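Asks: Residue-level listing of the chains:
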Amino acid sequence: MDNMNMVENYDNNKIFAKIFLWMFIGLLVTFGVGYYVSSNEIMVENIHKNSTFLIIAIVEIVLCIVLSARIRKMNPLVAKTLYLLYAGLTGLTFSVIFIIYELESIMFVFGITSIVCLIFGLIGYYTKIDLTKLGTFLFMALIAVIIASIINIFIGSDAFNLGICILSLVIFIGYMAYDIQVIKRGMYGNINEENLAIYGAFQIYLDFINIFIRLLELFGKRRD
Amino acid sequence: MKRIINVFIIIVLIITIYNKFSYQKPLVFSLGNTINGNYIYKYNNTRVTDIINDIKNNKTIDNRNIQNILVKSSTIYLDLNNLINCENYNCTYTNISDLEKLLILMRLYSKERIIIRLLNNQNDIANYTNEKVMILAKKYDIITMR
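Which chain is which? The protein sequence lines are A and B, in order.
The first sequence runs 191 to 414 under our numbering.
The second sequence runs 112 to 257 under our numbering.
It should be emphasised that the hints constitute simulated quantities derived from the structure, not laboratory data.
Incorrect hints may have been included.
What the hints assert, rightly or not - Calculated pairs, DSS-like style, for lysine-lysine (alpha carbon to alpha carbon, straight line, at most 30 Å): (1) B:Lys153 with B:Lys243; (2) A:Lys323 with A:Lys208; (3) A:Lys263 with B:Lys113; (4) B:Lys222 with B:Lys249; (5) B:Lys243 with B:Lys222; (6) A:Lys204 with A:Lys323; (7) A:Lys411 with B:Lys170; (8) B:Lys222 with B:Lys212; (9) B:Lys250 with B:Lys183; (10) A:Lys374 with A:Lys323; (11) B:Lys113 with A:Lys208; (12) B:Lys153 with B:Lys113; (13) B:Lys113 with A:Lys323; (14) A:Lys318 with B:Lys113; (15) B:Lys167 with B:Lys113; (16) B:Lys243 with B:Lys183; (17) A:Lys270 with B:Lys113; (18) B:Lys113 with A:Lys204; (19) B:Lys212 with B:Lys243; (20) A:Lys374 with A:Lys208; (21) B:Lys170 with A:Lys374; (22) B:Lys222 with B:Lys183; (23) B:Lys167 with B:Lys222; (24) A:Lys263 with A:Lys204; (25) A:Lys411 with B:Lys167; (26) B:Lys113 with B:Lys212; (27) B:Lys170 with B:Lys183.
These numbers come from a predicted model, not from an experiment.
Hey, can you work out the whole structure from these sequences and the hints?
Replies: This is the structure in C-alpha cells:
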C-alpha cells in the first residue's frame, strides 16, 4: 500500500478541531506580537535593519525545516513550542504592517481572509475531486511566484507586483483546499495525533498568512 | 519543501512591504539647518552655488544621495536667513539668480512641497529680496513663510 495513503484512522472532527485551534493560537500570537511591537516605531526599524531581520529570517527557515523534518518523532510539547516561536518571530516582522496599514483595514482583511479560508477549507474537506493531483502544479506555480517576487524587490514595479499578488492568491487559496484534503485523507503517514494537529495547523497557518498579506496588498488602506 | 518556500515567500513579502514603507516615511530635507527632528536630512552647505553643484554631482548625505533625498522627501525646507546674507544689491541680484537656478533644479527632482522661510530683517535689501523670492515662489509653486 502506498505509504502516503491512510495509515492511521484519526477522528477527523477531533483532529480538525485541534488543527484550527492551534492555527487560531498561532495567528493570535503573530498578530498580538506584531501589534505590540508596532507601538514602538524605533523597535520596528531596528528589527528591519539588515542583520536583525536576516537573523530572524534564518531562524524562521530553520524552525520550518526542523518542524517539517522532525515532526513525526518530536515531543508534542517541543512541537508546540517551536510552532509558537515561529508565530512570535513572524509577529516581529509583521509589526511593520500595523504601521503602514490602518488597524480597521487590517481587521477587515483578516475577516475576509478567514471567510476565504473557511470556504476553501470546506471545499477541500467535502469535495470528492482529488485535489492532491494539483499538488505538483501548485508547487511549480509557487516557485514561479517566489522567483518573480525576488525579482520585483529590485524592480519595484507596482504592475508586476499586482500580477504576482493575484497569482499568489489563486495558488494559496488552492493550497488551502489541497492541504485540508491531504490532512483529511491522512496522507502525512505515521504521526501521532498531537503532532499532526500542530503540523496541520502550521500548514494552514502559512497558507492563511500568505493569503492575508496578498489581500492586504490589494484591499488594505494605508495610513496617511 | 512547500512549507519552506511558504516561509520564504512571507519573508520576501515583508521585505517588499517594508521597502515601500521606508520610502514613504515623512522625510524633510532642510537646507539652512534650522529644524530638528526624526527623518530630517540636514544640509550644512549655506552657499547656494555650492548646493547647486552638490545636487548636480549627487553628493552623499548620511549615506543617501542628495538626488534621492530630493525625490523621496515629502517636504524641502530652505531658510533664506542662513542661505542669503547680502549687504548690497549686486550681491542680492546674484543670490536671487542662483536661488532661481536652485529652485529649477529642485523641481526637476521633487514634485512635493517646498517651503522657503523669508528673511527676517526689515531693511530695504531684505524686503527687496523677499519680494523677488515671493515672485519666484509663485512661479515654481513654492510656499513662503516668515
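Asks: Run every hint past the structure and note whether it holds.
Replies: Status of the hints after comparison with the structure:
In summary, the hint linking Lys153 (chain B) to Lys243 (chain B) is supported, as the alpha carbons are separated by about 25 Å, within the 30 Å threshold. About 26 Å separates the Cα atoms of Lys323 (chain A) and Lys208 (chain A), which keeps this hinted pair within 30 Å; it holds. For the hint linking Lys263 (chain A) to Lys113 (chain B), the alpha-carbon distance of about 20 Å falls within 30 Å, and the restraint holds. Under the criterion of a C-alpha separation no larger than 30 Å, the hint pairing Lys222 (chain B) with Lys249 (chain B) is consistent with the structure, at around 15 Å.
Taken as a hint, the Lys243 (chain B) and Lys222 (chain B) pair is honoured in the structure, with Cα atoms around 22 Å apart against an allowance of 30 Å. As the CA atoms of Lys204 (chain A) and Lys323 (chain A) are separated by approximately 26 Å, the hinted pair is consistent with the 30 Å bound. At roughly 36 Å between alpha-carbon atoms, Lys411 (chain A) and Lys170 (chain B) are farther apart than 30 Å, so this suggested pair is violated. At roughly 16 Å between alpha-carbon atoms, Lys222 (chain B) and Lys212 (chain B) fall within 30 Å of each other, so this suggested pair holds.
A hinted pair counts as satisfied when its Cα atoms are at most 30 Å apart, and Lys250 (chain B) with Lys183 (chain B) qualifies at roughly 22 Å. For the suggested pair Lys374 (chain A) and Lys323 (chain A), the alpha carbons sit about 15 Å apart, so the restraint of at most 30 Å is met. Taking the CA atoms of Lys113 (chain B) and Lys208 (chain A), the gap is about 22 Å. The hint holds against a cut of 30 Å. Taking the CA atoms of Lys153 (chain B) and Lys113 (chain B), the gap is near 47 Å; set against the 30 Å cutoff, the hint is violated.
Between Lys113 (chain B) and Lys323 (chain A) the CA atoms are separated by roughly 15 Å; this keeps the pair inside 30 Å, and the hint holds. Pair hint Lys318 (chain A) plus Lys113 (chain B) holds up; C-alpha atoms about 24 Å apart against a cutoff of 30 Å. In summary, the hint linking Lys167 (chain B) to Lys113 (chain B) is not supported, as the alpha carbons are separated by about 49 Å, beyond the 30 Å threshold. Restraint check for Lys243 (chain B) and Lys183 (chain B): the C-alpha separation of about 28 Å stays at or below 30 Å, so the hint holds.
The suggested pairing of Lys270 (chain A) with Lys113 (chain B) holds, with an alpha-carbon distance near 20 Å, which does not exceed 30 Å. For the hint linking Lys113 (chain B) to Lys204 (chain A), the alpha-carbon distance of about 25 Å falls within 30 Å, and the restraint holds. Our distance criterion of 30 Å between C-alpha atoms is met by Lys212 (chain B) and Lys243 (chain B), whose separation comes to about 14 Å. Pair hint Lys374 (chain A) plus Lys208 (chain A) holds up; C-alpha atoms about 13 Å apart against a cutoff of 30 Å.
Our distance criterion of 30 Å between C-alpha atoms is broken by Lys170 (chain B) and Lys374 (chain A), whose separation comes to about 61 Å. As the CA atoms of Lys222 (chain B) and Lys183 (chain B) are separated by approximately 10 Å, the hinted pair is consistent with the 30 Å bound. Only pairs whose Cα atoms come within 30 Å are accepted, and Lys167 (chain B) paired with Lys222 (chain B) is accepted, the gap being roughly 17 Å. At most 30 Å may separate the alpha-carbon atoms for a hinted pair to count; Lys263 (chain A) and Lys204 (chain A) meet this at roughly 21 Å.
Taking the CA atoms of Lys411 (chain A) and Lys167 (chain B), the gap is near 37 Å; set against the 30 Å cutoff, the hint is violated. Between Lys113 (chain B) and Lys212 (chain B) the CA atoms are separated by roughly 57 Å; this puts the pair beyond 30 Å, and the hint is violated. For the given pair, Lys170 (chain B) sits about 15 Å from Lys183 (chain B) by alpha-carbon distance, which is consistent with the 30 Å threshold.
In this structure, the earlier hints numbered 7, 12, 15, 21, 25, 26 are contradicted, and the remaining ones agree with it.
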